[in-house]
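> Residue strings, one per chain:
Number of protein chains: 2
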Amino acid sequence: MSTSPDLQRDFEYVWHPCTQMKDHETNPPLLMERGEGIYLFDQEGRKYMDVISSWWVNLFGHNHPRLNASVQKQMERLAHVMFAGATHRPAIDLAESLVRLTPDSLTKVFFSDNGSTSVEVALKLSLQYWAQKGHGEKRRFAYLQGAYHGETLGALSVCGMDLFRKPFENVLMDNLEVQGPDCFRCPYGLKREACDAECFEHMDRALNENHETLAGVIVEPLVQGAAGMKMYPPVYLNKLTAACDRLGVHTIFDEVAVGFGRTGAMFVCENLGLKPTFLCLSKGVTSGYLPLAATLTGEEIYRAFYGDYEDFKLFVHSHSYTANPLACACANETLALWREYEFPGALEPKINALRAGGKKLSELQWCGEYRQTGMIGALELVKSRETKEPFAIGERVGYKIYQEALKRGALMRPLGNVIYFMPPLVITEQEIDSMIEIAYDSIRAVLGKTESH
Amino acid sequence: MSTSPDLQRDFEYVWHPCTQMKDHETNPPLLMERGEGIYLFDQEGRKYMDVISSWWVNLFGHNHPRLNASVQKQMERLAHVMFAGATHRPAIDLAESLVRLTPDSLTKVFFSDNGSTSVEVALKLSLQYWAQKGHGEKRRFAYLQGAYHGETLGALSVCGMDLFRKPFENVLMDNLEVQGPDCFRCPYGLKREACDAECFEHMDRALNENHETLAGVIVEPLVQGAAGMKMYPPVYLNKLTAACDRLGVHTIFDEVAVGFGRTGAMFVCENLGLKPTFLCLSKGVTSGYLPLAATLTGEEIYRAFYGDYEDFKLFVHSHSYTANPLACACANETLALWREYEFPGALEPKINALRAGGKKLSELQWCGEYRQTGMIGALELVKSRETKEPFAIGERVGYKIYQEALKRGALMRPLGNVIYFMPPLVITEQEIDSMIEIAYDSIRAVLGKTESH
Numbered sequence: 054m055s056t057s058p059d060l061q062r063d064f065e066y067v068w069h070p071c072t073q074m075k076d077h078e079t080n081p082p083l084l085m086e087r088g089e090g091i092y093l094f095d096q097e098g099r100k101y102m103d104v105i106s107s108w109w110v111n112l113f114g115h116n117h118p119r120l121n122a123s124v125q126k127q128m129e130r131l132a133h134v135m136f137a138g139a140t141h142r143p144a145i146d147l148a149e150s151l152v153r154l155t156p157d158s159l160t161k162v163f164f165s166d167n168g169s170t171s172v173e174v175a176l177k178l179s180l181q182y183w184a185q186k187g188h189g190e191k192r193r194f195a196y197l198q199g200a201y202h203g204e205t206l207g208a209l210s211v212c213g214m215d216l217f218r219k220p221f222e223n224v225l226m227d228n229l230e231v232q233g234p235d236c237f238r239c240p241y242g243l244k245r246e247a248c249d250a251e252c253f254e255h256m257d258r259a260l261n262e263n264h265e266t267l268a269g270v271i272v273e274p275l276v277q278g279a280a281g282m283k284m285y286p287p288v289y290l291n292k293l294t295a296a297c298d299r300l301g302v303h304t305i306f307d308e309v310a311v312g313f314g315r316t317g318a319m320f321v322c323e324n325l326g327l328k329p330t331f332l333c334l335s336k337g338v339t340s341g342y343l344p345l346a347a348t349l350t351g352e353e354i355y356r357a358f359y360g361d362y363e364d365f366k367l368f369v370h371s372h373s374y375t376a377n378p379l380a381c382a383c384a385n386e387t388l389a390l391w392r393e394y395e396f397p398g399a400l401e402p403k404i405n406a407l408r409a410g411g412k413k414l415s416e417l418q419w420c421g422e423y424r425q426t427g428m429i430g431a432l433e434l435v436k437s438r439e440t441k442e443p444f445a446i447g448e449r450v451g452y453k454i455y456q457e458a459l460k461r462g463a464l465m466r467p468l469g470n471v472i473y474f475m476p477p478l479v480i481t482e483q484e485i486d487s488m489i490e491i492a493y494d495s496i497r498a499v500l501g502k503t504e505s506h
Numbered sequence: 054m055s056t057s058p059d060l061q062r063d064f065e066y067v068w069h070p071c072t073q074m075k076d077h078e079t080n081p082p083l084l085m086e087r088g089e090g091i092y093l094f095d096q097e098g099r100k101y102m103d104v105i106s107s108w109w110v111n112l113f114g115h116n117h118p119r120l121n122a123s124v125q126k127q128m129e130r131l132a133h134v135m136f137a138g139a140t141h142r143p144a145i146d147l148a149e150s151l152v153r154l155t156p157d158s159l160t161k162v163f164f165s166d167n168g169s170t171s172v173e174v175a176l177k178l179s180l181q182y183w184a185q186k187g188h189g190e191k192r193r194f195a196y197l198q199g200a201y202h203g204e205t206l207g208a209l210s211v212c213g214m215d216l217f218r219k220p221f222e223n224v225l226m227d228n229l230e231v232q233g234p235d236c237f238r239c240p241y242g243l244k245r246e247a248c249d250a251e252c253f254e255h256m257d258r259a260l261n262e263n264h265e266t267l268a269g270v271i272v273e274p275l276v277q278g279a280a281g282m283k284m285y286p287p288v289y290l291n292k293l294t295a296a297c298d299r300l301g302v303h304t305i306f307d308e309v310a311v312g313f314g315r316t317g318a319m320f321v322c323e324n325l326g327l328k329p330t331f332l333c334l335s336k337g338v339t340s341g342y343l344p345l346a347a348t349l350t351g352e353e354i355y356r357a358f359y360g361d362y363e364d365f366k367l368f369v370h371s372h373s374y375t376a377n378p379l380a381c382a383c384a385n386e387t388l389a390l391w392r393e394y395e396f397p398g399a400l401e402p403k404i405n406a407l408r409a410g411g412k413k414l415s416e417l418q419w420c421g422e423y424r425q426t427g428m429i430g431a432l433e434l435v436k437s438r439e440t441k442e443p444f445a446i447g448e449r450v451g452y453k454i455y456q457e458a459l460k461r462g463a464l465m466r467p468l469g470n471v472i473y474f475m476p477p478l479v480i481t482e483q484e485i486d487s488m489i490e491i492a493y494d495s496i497r498a499v500l501g502k503t504e505s506h
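If you read the protein sequences in the order shown, they are chains A and B.
Quick note on numbering: the first sequence equals residues 54 to 506 in the numbering used here.
Quick note on numbering: the second sequence equals residues 54 to 506 in the numbering used here.
Don't take every hint at face value.
Derived list of chain A stretches under chain B, where covered just means 3 residues or more per stretch with a C-beta under 8 angstroms from a C-beta of chain B [unchecked claim]:
#, region
1, 85-98
2, 360-372
3, 473-482
Cut-off 20 angstroms, straight-line C-alpha distance, at most; resulting in silico cross-link-like pairs (SDA-like, lysine to any residue) [what the hints assert, rightly or not]:
#, chain 1, residue 1, chain 2, residue 2
4, A, K186, B, E222
5, B, K219, A, R193
6, A, K219, B, Y359
7, A, K366, B, E448
8, A, K219, B, A357
9, A, K366, B, L216
10, B, K100, A, A137
Examples of chain B residues toward chain A, derived with CB under 8 angstroms [unchecked claim]:
#, residue
11, M85
12, A148
13, E149
14, T170
15, M226
16, A357
17, V369
18, S373
19, D486
Calculated directly from the structure, the hints in this document are not laboratory data.
Treat the numbers as computed from the prediction; the structure is a model and nothing was measured.
All residues carry an ideal CB built from backbone N, CA and C; glycine is no exception.
Turn these sequences into a full structure, and let the hints steer you where they fit.
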């Protein structure tokens, strides 16, 4: 047990998210004091590289003078005002920018507070749209195995991972889980770089058989994050949007994790020229400063809710802090920084450095696969390269490597047996090299001791 | 249509919450520029009293130097860090304070981002608790008619208002709606000041008949906010907690709206000496600056999730910005201000001024009832005092009064036919008098023209 009075109070009063609190008896959390660039500093001045951008949110580093100034400036005017019957320039500017940065078909922005709520808003808009169009029978959603779209009960009902949904299984909406891409262990024996998404056949069948009762399909474009940074090729998304458009099923692109440059482009849908019915954004929108989310959609949806008040077609959904001005101001500055840093172009050398690092990690005998999409790199550890046999969950291999990496100055929280890199976009090539070295050494420190095949 | 370029952009890009967007063709939203104390100022410098605290969030006024400084100071250290595997003093301090300010039985704080998520967390903790105790059959929740607990689909499944739930009815959890108090139109012909909550018989029966399948009961203590500030006496809550404790059903107190001083006490549960299983807080926690929420519970619940990692009893729920340090710092300063302003004692004269104002409003022939709980006052308008016949929703009486009040310098957004007052706690007695006068004049301006009985 920690002897730090602050950590003792933490243990006494705080219940941390996604944490077995008993683990804190032996491994207390880091007590973070300050941040600077891509580094975090704990109470004793120890420095940690924020390898996963504090749960995939930070883009431009901690304590960025420009982001600080944007929040401060707005705070001196107006920290918050209700967003029904009132509006403010930070929200208007942000909405206009998001509409301009995303596909032309997306024209309206509905704000909320986090990724879960951005998904809830999309699900609810889709359901109410169909009901108001006289298709109340369209009330289910299809989602992929391994999907993660948040943890409020609506968002959880389109989650394809037992870890998150199992204790709540019997109260969730009756949705449709569909086998999706599994490129590392491709059942067709294909490679994602060259395949034609043969695995789409499952979704194709599901859509053809169920489109009359399906309101929409939700998907994490290109990278299934919580599933272990599982990556799949764009052709899957091409097929998905084409089939949904043909069959009258909404497409919900959840770019909460992959949006704002993580894949090397600002947004996946825009980069691939795809036109989802709904686009969900959060995380990076404030560069990791403040909670904020947005759900974008187009005129076809918007018009279905537009009418005289007495018709009661309006969308009744609200959160008190909708479009919080401080968060919106920070988001506007985030977009300004994106241009000034000359992203996405300036990301290219970083992406290449990460790829070179991945090559080094691939030499490790426990590397089942190193995969990369833009600024996201992931190493899936296996007991055997030949059989791709995974380590048992109970071995907590990832957790042990995480502990080793902490000793070496990197916060590298894993997803099961997947060690991944999703650093702030401002990371330098040299820092990428250091990050890879720490990962390499930490993996060897843990697995070098184990028997290997 | 507005000729302001900013408002035109608002209309083009922004979808506002709980708003029929067509209304903005004729009544564009106020474009707010800055706030100062209890006042908001629009782009043309017009001043509006924030009568409803920007959706019930603001406690100490806008642009408060102390709150600004607290956010600024924290921002210079650390705006955010992930809350799994890491922690920080602002969150630890806030958790400790909340535990100290609430009933002794509440010992642990789980943070999230808004009222909806604080409720989702309570529902999920309750469900998983029962499942882990071998009572998977306890998977429904009871809630009151008129209840509002948020709008994510889980929270919406315990909502007792058609306005919010109807379009989503067929995908919501199968929960149990129970007839609750309706003091203005009491079916027993009693008065809330003197009754024994005879209406509890409905809940009593529901609990006795369903306790074996009920995980919990959720309730807005003393004031059902969205239902129109419906107020009921403490004895109902005494009976509810006693019955639930006896029958093994969790109690969830949703103090998102009434917490942080609105009722004249910091929290209802503490003030009444009641011990709910879960307590949900948000809104006022940051005095209306930033989104933040907390769900509190006690050792019995906590221990059921505590164990070795391999047992998978942990609570898997997270939001990226959980326990955002900026919001936590602002919340800590909010609690410091509460002490320095000598609340709740110093609220007494304000509460009395509001009561005097209510007396004046009661003289209006359309006043069905003026009711008040602490710093919340509400006037229910009726066509006839004798029959209590309500105005038809289509008449939009409340909306018209709201428009009249805007002309007179007050943002007084109603709930249907209920005009209510939930001002920042720092409002002065003189300002309360002005607020009442504006309400009085605005009601007369709209209803003075109508035929009355």
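> Are the hints correct? Go through all of them and say.
To see whether the hints hold, each was checked on the structure:
1. 85-98: Coverage by chain B holds for the region 85-98 of chain A (5 residues, Cβ < 8 angstroms).
2. 360-372: With 11 residues close enough to chain B, the hint holds.
3. 473-482: Coverage by chain B is violated here, the residue count being 0 at a Cβ distance below 8 angstroms.
4. A:K186 / B:E222: holds, 16 angstroms
5. B:K219 / A:R193: holds, 16 angstroms
6. A:K219 / B:Y359: holds, 18 angstroms
7. A:K366 / B:E448: It holds: about 17 angstroms lies between the C-alpha atoms, which stays within 20 angstroms.
8. A:K219 / B:A357: Answer holds: K219 of chain A to A357 of chain B is near 17 angstroms, not above 20 angstroms.
9. A:K366 / B:L216: holds, 11 angstroms
10. B:K100 / A:A137: Answer holds: K100 of chain B to A137 of chain A is near 17 angstroms, not above 20 angstroms.
11. M85: holds, 5 angstroms
12. A148: holds, 4 angstroms
13. E149: At about 5 angstroms, which falls below the 8 angstroms cut-off, the nearest Cβ of chain A leaves the hint on E149 of chain B intact, so it holds.
14. T170: Hint on T170 of chain B: holds, closest Cβ of chain A at ~6 angstroms, below 8 angstroms.
15. M226: holds, 5 angstroms
16. A357: Given a least distance of 11 angstroms, the restraint on A357 of chain B is violated.
17. V369: Holds, because the Cβ-Cβ distance from V369 of chain B to chain A comes to roughly 5 angstroms (cut-off 8 angstroms).
18. S373: Hint on S373 of chain B: holds, closest Cβ of chain A at ~5 angstroms, below 8 angstroms.
19. D486: violated, 24 angstroms
This entry does not satisfy hints 3, 16, 19, going by the numbered hints stated previously.
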